[in-house]
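Asks: Sequence:
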Amino acid sequence: MPNDGKIHFYFDFLSPFGYFGSLRVNELAMRHKIDCEWHPILLGISVLKVMGLPPIAELPLKGAYIRKDAERYARRHKLKLKRPFGSPQINPLLPARMVAWLKTRNYSKSHKLASKLYSAHWSENLDISDKEIALQVAEETDLNIQDLNNALESGEAAALLRAEVDSSLEYGVFGSPTFRVDNELFFGVEKMEVLDEWLTSGGW
1 MPNDGKIHFY
11 FDFLSPFGYF
21 GSLRVNELAM
31 RHKIDCEWHP
41 ILLGISVLKV
51 MGLPPIAELP
61 LKGAYIRKDA
71 ERYARRHKLK
81 LKRPFGSPQI
91 NPLLPARMVA
101 WLKTRNYSKS
111 HKLASKLYSA
121 HWSENLDISD
131 KEIALQVAEE
141 TDLNIQDLNN
151 ALESGEAAAL
161 LRAEVDSSLE
171 YGVFGSPTFR
181 VDNELFFGVE
191 KMEVLDEWLT
201 SGGW
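Residue numbers (my numbering): 1 to 204.
Careful: at least some of the hints might be erroneous.
[To be verified] Result set (DSS-like, lysine-lysine): computed pairs, CA atoms no more than 30 Å apart in a straight line:
hint, residue 1, residue 2
1, Lys-33, Lys-62
2, Lys-131, Lys-33
3, Lys-78, Lys-116
4, Lys-49, Lys-78
[Claimed, not checked] Computed beta-carbon distance windows for the label pairs:
hint, residue 1, residue 2, range
5, Pro-55, Lys-131, 22 to 30 Å
6, Glu-190, Ile-34, 26 to 34 Å
7, Glu-139, Lys-33, 27 to 35 Å
8, Thr-200, Arg-76, 19 to 27 Å
9, Arg-76, Lys-33, 23 to 31 Å
Since the hints were derived computationally from the structure, they do not count as laboratory data. All C-beta atoms in this analysis are idealised placements derived from N, C-alpha and C, irrespective of residue type, glycine included.
Based on the provided sequences and hints, a complete structural model is requested.
Replies: Below is the structure:
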């Protein structure tokens, strides 16, 4: 597969660790003077359907640990995490489709939209699966809301998200956040330090 010199950032809005990664990945890319491309994915496909596993929050023992780990990370980095990890999950399809569609229209604004949706969900505890709420968030990014709504209604945005998910699986992406560079995958927000070293040294 081609090596394009970018950081590819794969995320699902359901993942608090994906949210944590989203707060740092653009700065990491800028520091190394490379581009960063964001890719919405669906853990419901990679984890539940492909891997055949239950949602991580529902796993005995591990679910409780991951919940505490998310809270601990937020405290360490002084991040507001208003939505408790393990609370009833939203359906991430709508916000993911919005970002997938916007990527094809305005690349930089798609990052901004994803960031705002992530923050609305995890920092403000808003239900971004609610179309009215999600579109209100989108309005803050100076989008043509009518065009966005048309893409959602027509199925165009859904098709673009399916393409993103299919591509992520081809690269072996299974979780959020995952970072891909030099055709190498780095899974988990704690791997960002390793990724930083990889980019600094040129790999090993």
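Asks: Does each hint fit the structure? Answer for all of them.
Replies: Hints versus structure:
1. Between Lys-33 and Lys-62 the CA atoms are separated by roughly 37 Å; this puts the pair beyond 30 Å, and the hint is violated.
2. Taking the CA atoms of Lys-131 and Lys-33, the gap is near 36 Å; set against the 30 Å cutoff, the hint is violated.
3. This hinted pair checks out: Lys-78 and Lys-116 have alpha carbons roughly 18 Å apart, not beyond 30 Å.
4. For the given pair, Lys-49 sits about 35 Å from Lys-78 by alpha-carbon distance, which is inconsistent with the 30 Å threshold.
5. Taken as a hint, the range 22 to 30 Å holds for the pair Pro-55 and Lys-131, whose Cβ atoms sit roughly 23 Å apart.
6. As the Cβ distance of Glu-190 to Ile-34 is approximately 21 Å, the hint placing it in 26 to 34 Å is violated.
7. Evaluation of the 27 to 35 Å hint for Glu-139 and Lys-33 yields a pass: the beta carbon distance comes to about 33 Å.
8. About 23 Å separates the C-beta atoms of Thr-200 and Arg-76, a value consistent with the hinted range of 19 to 27 Å.
9. A beta carbon spacing of about 28 Å between Arg-76 and Lys-33 agrees with the range 23 to 31 Å that was offered as a hint.
In this structure, the earlier hints numbered 1, 2, 4, 6 are contradicted, and the remaining ones agree with it.
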